[in-house]
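Asks: Residue-level listing of the chains:
Number of protein chains: 2
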Amino acid sequence: MTDKAETRLFVEQDLAAGQSLVLSEDHAHFLKNVLRLKEGDVVAFFNGRDGEWYGRVEAMGKRQATAVIDTQSRQQEAEADIWLVFAPIKRARIDFLIEKATELGASSLLPVMTRRTNVERMNLDRLQAHAVEAAEQSERLTVPLVHEPQSLDALMASWDSSRNLMLCDETGTAPPIAEALADAASGAWATLIGPEGGFAEDELDGLRKLPFVRPVSLGPRILRADTAAIVALAVLQALRGEGPRRRS
Amino acid sequence: MTDKAETRLFVEQDLAAGQSLVLSEDHAHFLKNVLRLKEGDVVAFFNGRDGEWYGRVEAMGKRQATAVIDTQSRQQEAEADIWLVFAPIKRARIDFLIEKATELGASSLLPVMTRRTNVERMNLDRLQAHAVEAAEQSERLTVPLVHEPQSLDALMASWDSSRNLMLCDETGTAPPIAEALADAASGAWATLIGPEGGFAEDELDGLRKLPFVRPVSLGPRILRADTAAIVALAVLQALRGEGPRRRS
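Going line by line, the protein sequences match chains G and W. Numbering-wise, this note's numbering comes out as the position in the first sequence, counting from 1, plus 517. Numbering-wise, this note's numbering comes out as the position in the second sequence, counting from 1, plus 517.
Next comes chain G alone, as it looks inside the complex (with noise of 0.2 Å):
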């Protein structure tokens, strides 16, 4: 098979060649009425374990449509182990870091409340498909999971040692981020970013005594939160030393 699949679907099901899957009402509707694609077209699909494959579309009714999955057109392949440790921000901001946190590489994406976060309700399933959308469109393997919200003390508390936790820190004190992590970006990290308002004195006291929290300065700028989680994904991943992409 050698059209090259224009669209890529996430889906839950198990991929493996002759295996049939019956789509979503949404990717149903997103195939026929957006893309308009028609019977026998190609699209790859994904599910975060079986790699990256080809199907044709196979019936495509009003809301539900069939795929035949066909040849491999890549191996899963390991990924980054880097978590997104965030306070809730508004809605526009949110989307938008959640997006743009699943086109830089993050594993796993985990919000939570800390003393000056200001938004309360969010929407997981929303974000969640946020993420979706980001994967399938950056080419990533897997979707970062959305986690529930939880305390920074909680999660600060159940904290596996083993894995680093940058701490994005304003106040001056801590070394620029290259310094920081020059000899230390591959493992197991996560990068924490606090609310709008920052975090209380208390709060980034408690956290730097931490013996996994390496605090790091993004530089003299105020940054929103929404770029520092993008400045440190993107740094972080910049000294890992990613190659480029594997196919063209």
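Note that these hints are calculated values from the structure, not bench results. Just so you know, not all the hints are guaranteed correct.
Same chains, same label: a pair holds when it works inside one copy or across any pair of copies.
Okay, derived cross-link-like pairs now, DSS-like style, lysine-lysine, Cα gap no bigger than 30 Å in a straight line [what the hints assert, rightly or not]:
{"hint": "1", "residue 1": "Lys549", "residue 2": "Lys579"}
{"hint": "2", "residue 1": "Lys726", "residue 2": "Lys555"}
{"hint": "3", "residue 1": "Lys555", "residue 2": "Lys607"}
{"hint": "4", "residue 1": "Lys549", "residue 2": "Lys607"}
{"hint": "5", "residue 1": "Lys726", "residue 2": "Lys549"}
{"hint": "6", "residue 1": "Lys555", "residue 2": "Lys579"}
With the hints as your guide, set chain W onto chain G.
Replies: Then chain W, alone, in the frame of chain G:
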């Protein structure tokens, strides 16, 4: 004067002790109706030339306000000479890009038309206003200028070859960004971001032949144009070794 100013405003006028400022209608509205400041309250002002100054609101009318400049709070400092050259993208994303590039210290914002650019009209006044607002909130002492759009060919023909141009290249042939910039992050730079559809093949070929162009890879995932711009600026700033904040 010991009050700390919570608000920073960018103005065009000169700033010096004793100087009286007539504020714009927008600024007057913002101070009076949004922030609910009163006569005597302290605001910080910067103009891109004279550092940052504290001033006191002197009179607050319905549509007009004046302030008197008092003491200098920060001296003007040299900032990184980094341009962002970008093909216009859709409205919400371009607003976001301007905000983030300003936060990340871009000194000039240059829209360029490429072969596959499909956004033709841009409201430069709106984009410039976004840059002003982002500079006010990020504690920058300058505001990047949003230039008139021009063709990529024209910009390349007039390029000063002492300025490196980082080409974010998705074809898989360029070295990873941290490797490409390891010994070269200082000096004058620009980063070039293509449109959502990418550069045309012959555009890329032409760019790669220019002596000042440095192709870099931003990793194995496909990044949206706005993400690519933010990553390029963030990693460049990090590798230049920016110090932390100079005031807390």
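Asks: With reference to the structure, classify each hint as holding or not holding.
Replies: Here's how the hints hold up against the structure:
no. : hint             : verdict
1   : Lys549 to Lys579 : within (8 Å within a copy, 56 Å between copies)
2   : Lys726 to Lys555 : neither (59 Å within a copy, 42 Å between copies)
3   : Lys555 to Lys607 : between (39 Å within a copy, 29 Å between copies)
4   : Lys549 to Lys607 : between (33 Å within a copy, 24 Å between copies)
5   : Lys726 to Lys549 : neither (55 Å within a copy, 43 Å between copies)
6   : Lys555 to Lys579 : within (13 Å within a copy, 62 Å between copies)
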